[in-house]
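Trainee: If you want the building blocks of each chain, they are given just below.
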Amino acid sequence: SSLDRLSELPDVFRRIGNISAMECTVVCIDNSEFSRDGDYAPTRFQAQADAVNLLAGAKTQAHPEATVGVLTMSGKTPRVLVTPTPDLGKVLNCMTNIEIDGECNVSSSVQIAQLALKHRQNKNQRQRIVIFVCSPVTEDKEKLVKIAKKLKKNNVAVDVVSFGAEDENQEKLEAFLEAVNSSGNSHLVTVPPGPVLSDVLISSPIFQGEGGSGFGFAGGVGGAGGGASGADGFEFGVDPNMDPELALALRVSLEEERDRQNRAAAAAAAAAGAAQAEGAGAGVSASAAEGATAVAGIAGAAATPGPVAVPGVGAAGVSGDMDLDEDALLQQALAMSMEIDNAAAAAQEAAAAANDVTTPAPTAAPVVTPGAPQVAVAPPPADLDVMDEDAELQLALQLSMQDSGPDNKEDQK
Amino acid sequence: MAKDLLEYIEFSTLECLNEAPNHGATLALKQGYREQDELYLESDTDEQLLLNIRFTHRVRIQSIVIKAIDEAKAPKRVKLYTNRPSLGFSDTSSVPCAQEIELSPAQLAKGDPISLKLVKFNNVDVLSIFIEDNQGGEETTKLCKIALFGTTGEVFNVAEIKKVGEEK
Numbered sequence: 001s002s003l004d005r006l007s008e009l010p011d012v013f014r015r016i017g018n019i020s021a022m023e024c025t026v027v028c029i030d031n032s033e034f035s036r037d038g039d040y041a042p043t044r045f046q047a048q049a050d051a052v053n054l055l056a057g058a059k060t061q062a063h064p065e066a067t068v069g070v071l072t073m074s075g076k077t078p079r080v081l082v083t084p085t086p087d088l089g090k091v092l093n094c095m096t097n098i099e100i101d102g103e104c105n106v107s108s109s110v111q112i113a114q115l116a117l118k119h120r121q122n123k124n125q126r127q128r129i130v131i132f133v134c135s136p137v138t139e140d141k142e143k144l145v146k147i148a149k150k151l152k153k154n155n156v157a158v159d160v161v162s163f164g165a166e167d168e169n170q171e172k173l174e175a176f177l178e179a180v181n182s183s184g185n186s187h188l189v190t191v192p193p194g195p196v197l198s199d200v201l202i203s204s205p206i207f208q209g210e211g212g213s214g215f216g217f218a219g220g221v222g223g224a225g226g227g228a229s230g231a232d233g234f235e236f237g238v239d240p241n242m243d244p245e246l247a248l249a250l251r252v253s254l255e256e257e258r259d260r261q262n263r264a265a266a267a268a269a270a271a272a273g274a275a276q277a278e279g280a281g282a283g284v285s286a287s288a289a290e291g292a293t294a295v296a297g298i299a300g301a302a303a304t305p306g307p308v309a310v311p312g313v314g315a316a317g318v319s320g321d322m323d324l325d326e327d328a329l330l331q332q333a334l335a336m337s338m339e340i341d342n343a344a345a346a347a348q349e350a351a352a353a354a355n356d357v358t359t360p361a362p363t364a365a366p367v368v369t370p371g372a373p374q375v376a377v378a379p380p381p382a383d384l385d386v387m388d389e390d391a392e393l394q395l396a397l398q399l400s401m402q403d404s405g406p407d408n409k410e411d412q413k
Numbered sequence: 001m002a003k004d005l006l007e008y009i010e011f012s013t014l015e016c017l018n019e020a021p022n023h024g025a026t027l028a029l030k031q032g033y034r035e036q037d038e039l040y041l042e043s044d045t046d047e048q049l050l051l052n053i054r055f056t057h058r059v060r061i062q063s064i065v066i067k068a069i070d071e072a073k074a075p076k077r078v079k080l081y082t083n084r085p086s087l088g089f090s091d092t093s094s095v096p097c098a099q100e101i102e103l104s105p106a107q108l109a110k111g112d113p114i115s116l117k118l119v120k121f122n123n124v125d126v127l128s129i130f131i132e133d134n135q136g137g138e139e140t141t142k143l144c145k146i147a148l149f150g151t152t153g154e155v156f157n158v159a160e161i162k163k164v165g166e167e168k
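So the sequences go chain by chain: A and B. Just so we're aligned, residue 1 is where the first sequence starts under full-length UniProt numbering, counting upward by one. Just so we're aligned, residue 1 is where the second sequence starts under full-length UniProt numbering, counting upward by one.
A portion of the hints provided could be inaccurate.
[What the hints assert, rightly or not] With a straight-line Cα cutoff of 25 angstroms, these simulated BS3-like cross-link-like pairs (lysine-lysine) come out:
{"id": "1", "chain 1": "A", "residue 1": "Lys-149", "chain 2": "B", "residue 2": "Lys-117"}
{"id": "2", "chain 1": "B", "residue 1": "Lys-117", "chain 2": "B", "residue 2": "Lys-79"}
{"id": "3", "chain 1": "B", "residue 1": "Lys-76", "chain 2": "B", "residue 2": "Lys-30"}
{"id": "4", "chain 1": "A", "residue 1": "Lys-150", "chain 2": "B", "residue 2": "Lys-76"}
{"id": "5", "chain 1": "A", "residue 1": "Lys-118", "chain 2": "B", "residue 2": "Lys-79"}
{"id": "6", "chain 1": "B", "residue 1": "Lys-79", "chain 2": "B", "residue 2": "Lys-110"}
{"id": "7", "chain 1": "A", "residue 1": "Lys-149", "chain 2": "B", "residue 2": "Lys-79"}
{"id": "8", "chain 1": "B", "residue 1": "Lys-3", "chain 2": "B", "residue 2": "Lys-117"}
{"id": "9", "chain 1": "A", "residue 1": "Lys-149", "chain 2": "A", "residue 2": "Lys-123"}
{"id": "10", "chain 1": "B", "residue 1": "Lys-30", "chain 2": "B", "residue 2": "Lys-110"}
{"id": "11", "chain 1": "A", "residue 1": "Lys-150", "chain 2": "B", "residue 2": "Lys-117"}
{"id": "12", "chain 1": "A", "residue 1": "Lys-123", "chain 2": "B", "residue 2": "Lys-30"}
{"id": "13", "chain 1": "A", "residue 1": "Lys-123", "chain 2": "B", "residue 2": "Lys-117"}
{"id": "14", "chain 1": "A", "residue 1": "Lys-143", "chain 2": "A", "residue 2": "Lys-123"}
None of these hints come from the bench; they were simulated from the model.
Given the sequences, and given the hints that come with them, work out the whole structure.
Mentor: Rendered as structure tokens:
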């Protein structure tokens, strides 16, 4: 489980890049009755716990003075299980003792989290709250916005992970995010059922930090015009000096993606996706024009179109529209796949090579992403012990020389 | 004898709560920026602002200048706190302030220096400036310059006090 995966962390972490600022993070957990649901394997609660463990690990490793605290949102009252600590062991430990009970009280929880942050030992740490939501939020939109404004006023950033009750909560959470977001410091990641929650999060801005350097390209490769993570120092979040081949492959794939998008613009009826994704915060790479990105989107769980590694995010605003367009998108994807070799294949196959050489994933996206967005088989393998990027790229380039184009759409969906 | 304390302000730790993106405190404090009226500090979600300024040396602050050209949005009540690192908005009601100032439009327009109670501002490492509201009850508060004057000498020179003038 997550404890086993912790050993992968140094690797995952190295590839993710730096979470730059020294932060004090309080994680709010949804331990309501709704979290018993098994739509996220094995249960919403357990998927959440895994993600929290990984997140705590990543944050404490990112910076020696980073601290993480945990509080539960359900039950008689929200309770702080661990006050912010640099000790990962304490966090992991407390996760095993949580009881599932009652309904969440988001507003009290956030107030308490804010208080915990205020009393952090190291006042130089930036303040962040990460909220997991897998049950319907009872507070109304206005109240949430008011809470958000207070957080913003006090310089607290917020990451929200919405899963399990995404549709019901979407509007409220987007309003909340928009009110709390200050220059892209806050994010909303919506995860549909299917992919492994942790996997989706690992490639999201929540793990990668603000404009994550190094491999922070979930935010960087915003080919769909959803907006790359604003603070990226490098064009694709990848330092061309460190990894020129990858940077080149990304650039080429981005160009290709743009071409496709232009051609598919008409068919992309769900331009609403762009608007929705905007609301999800600058740090989240949106998937606007699904049409072109259908190729990328088809793989992975909820047919989330998007050239980026975060399918869940794309699903954020788009779930309704997507169902209608999926067929159209599929048609397009098939058509496009017949076209002559494009270098996108290289990057795509680089990603695929990570998981399965024979079914190259269409995501023009980061190699970093483990299972989630790549293979359509649910649940996708969380294959973190992949080969070295250079080896992958070599293989990918070889493959692309051989084929005339990825003809693998039937493999997805 | 009072000099501009700008060089002792530690910008790396400067914090301004509720500042609007692109209209941050540095625009009101830094050399060059503060002289330009078009570059201003503005509040974000409501009209309050809280600046926490740390100094590289212990200073004695003798006067403060706040300049604002937008009359309605100019600050009105300002509370100063000393040596309370990371003061938050919620603290301002519980922590006693070193001095409370109510600014007049005339002072704001010209950027007149306002003398401070010497005793309270004698050994300051961190100064917090809490702008509670603005002149016109507007949603946001704007100001284009904040300057602080004083000295950094450790030597307590009685003669110097007489030169500066009476304490209020």
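Trainee: Indicate, hint by hint, whether the structure satisfies it.
Mentor: Comparing the hints with the structure gives:
1. Of the supplied pair hints, the one linking Lys-149 (chain A) and Lys-117 (chain B) is violated, its CA atoms being roughly 35 angstroms apart against a limit of 25 angstroms.
2. As the CA atoms of Lys-117 (chain B) and Lys-79 (chain B) are separated by approximately 13 angstroms, the hinted pair is consistent with the 25 angstroms bound.
3. For the hint pairing Lys-76 (chain B) with Lys-30 (chain B), the CA-to-CA distance comes to about 22 angstroms; that is within 25 angstroms, so the pair holds.
4. At roughly 22 angstroms between alpha-carbon atoms, Lys-150 (chain A) and Lys-76 (chain B) fall within 25 angstroms of each other, so this suggested pair holds.
5. At most 25 angstroms may separate the alpha-carbon atoms for a hinted pair to count; Lys-118 (chain A) and Lys-79 (chain B) meet this at roughly 21 angstroms.
6. At most 25 angstroms may separate the alpha-carbon atoms for a hinted pair to count; Lys-79 (chain B) and Lys-110 (chain B) meet this at roughly 20 angstroms.
7. As the CA atoms of Lys-149 (chain A) and Lys-79 (chain B) are separated by approximately 23 angstroms, the hinted pair is consistent with the 25 angstroms bound.
8. Annotation: proposed proximity of Lys-3 (chain B) to Lys-117 (chain B) holds, straight-line Cα distance about 17 angstroms (limit 25 angstroms).
9. At roughly 21 angstroms between alpha-carbon atoms, Lys-149 (chain A) and Lys-123 (chain A) fall within 25 angstroms of each other, so this suggested pair holds.
10. Among the hinted pairs, Lys-30 (chain B) with Lys-110 (chain B) is consistent with the structure: their alpha-carbon atoms are about 18 angstroms apart, no more than 25 angstroms.
11. A hinted pair counts as satisfied when its Cα atoms are at most 25 angstroms apart, and Lys-150 (chain A) with Lys-117 (chain B) does not qualify at roughly 33 angstroms.
12. Distance hint between Lys-123 (chain A) and Lys-30 (chain B) is fulfilled; the C-alpha atoms sit about 24 angstroms from each other, no more than 25 angstroms.
13. A threshold of 25 angstroms between alpha carbons decides the hint, and for Lys-123 (chain A) with Lys-117 (chain B) the separation of about 28 angstroms lies outside it, so the pair is violated.
14. Simply put, Lys-143 (chain A) and Lys-123 (chain A) have alpha-carbon atoms about 28 angstroms apart, too far for the 25 angstroms limit, and the pair is violated.
Checked against the numbered hints given earlier, the structure breaks hints 1, 11, 13 and 14 and satisfies all the rest.
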